[in-house]
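These protein sequence lines map, in sequence, to chains A and B.
Mind the numbering: the first sequence is residues 1 to 201 in UniProt numbering, read in order.
Mind the numbering: the second sequence is residues 1 to 201 in UniProt numbering, read in order.
None of these hints come from the bench; they were simulated from the model.
Among the hints, erroneous ones may be present.
Identical chains share a label here; the pair holds if one copy fits it or two copies do between them.
Cut-off 30 Å, straight-line C-alpha distance, at most; resulting in silico cross-link-like pairs (DSBU-like, lysine-lysine) [said to hold, decoys possible]:
1) K193 <-> K164
2) K23 <-> K193
3) K169 <-> K193
4) K9 <-> K23
5) K9 <-> K164
6) K9 <-> K169
7) K164 <-> K52
None of these values were measured; they are calculated from a predicted model.
The primary structure of each chain is shown beneath.
2 protein chains.
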Amino acid sequence: MDYPEPIAKLIDSYTKLPGIGSKTATRLAFYTLGMDEKDVLDFSKSLVSAKKDLTFCSVCGNITENSINPCVICRDVTRDQDTVFVVENSRDVMAMENTRDYHGLYHVLNGVISPSAGTGPEDINLPSLIRRLSEHQEIDEVIVGTNVTAEGEATAMYLARLLKPAGIKVTRLAHGLAVGSDIDYADQLTLIKAVQGRTEL
Amino acid sequence: MDYPEPIAKLIDSYTKLPGIGSKTATRLAFYTLGMDEKDVLDFSKSLVSAKKDLTFCSVCGNITENSINPCVICRDVTRDQDTVFVVENSRDVMAMENTRDYHGLYHVLNGVISPSAGTGPEDINLPSLIRRLSEHQEIDEVIVGTNVTAEGEATAMYLARLLKPAGIKVTRLAHGLAVGSDIDYADQLTLIKAVQGRTEL
């Protein structure tokens, strides 16, 4: 026996989301039936709107509304125009912006170089970074803020080798212990990096 | 800084689902942006359709399409009309139907009696069960298939006390070890129930 078609289709849609199997999808679908009609309609509309009204900034690759391109950060002339912070995705931009500590520009790769997944430099938003750097000679530092994973490190290395000969300072975010963390809970690689990057008091 | 409005709204909608916090909602929202447009439109439509095209069966309370009421099971005259299987929700009906071992009718409570949550017998689909039993004298057994939780057991007890005096046989699903399970992994209450309900070989 199958569920009535409307709910079977909804279960099917939920299953397409990452990390959601058929059991969870069924639970979510039945939960949806019990939600306020307004919330369900809002959900339905926001799905279409997010897909149709958003695009990637033509300058930095960050997510932005179709009507605001280049994005608000690229348009903001009060920001430091000489530093570009390279990140993997728009969520990283948000995390950094929420610290209110960085006032330069961004470049969102929307991916990382990953030979195992067949993703090369041309497959991510990297050629546009090279173009941007050659068109804007005022940019003198590129901060590489890719994740501390094999792919993130490989991408950082690639950028350093590519940009250093052009006289651009390429820096990498510091590796070490998280603030508030216990040394005995830190993993070995983080500890090793923390020792290597120790600073004088 | 906030995300562009279309994605902020979508994150907000995902957050309204059970078990999904803001981090997961953000991940799902960004995943949605990368999905096929067709899949997103299907998802959007299925949300509205599940909410608008489904209702509860006027006889048993199971979920059914607006155009098929009473539901397919209640309409099926080849099913045993003398047994009613009482369950908490439509997912339980599906689980039982998939065994292809039960051929009677169902009654879906869409809830359980829970004094701690303030849910009494009148707040779930129970009055309609009483009405159904009085109108259909051919029903001579009620199988109580509520979950093996405090609320499920309380609901089973309530039904037994209410229906037995009316001469209706009230049975409860057997408690015991799951097929294929290890005794040493079973919890104590299950083991105790398995001993109490032991059968002669």
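Name the hints, by number, that the structure is in violation of. When the structure is compared with the hints, numbers 5, 6, 7 turn out to be violated.
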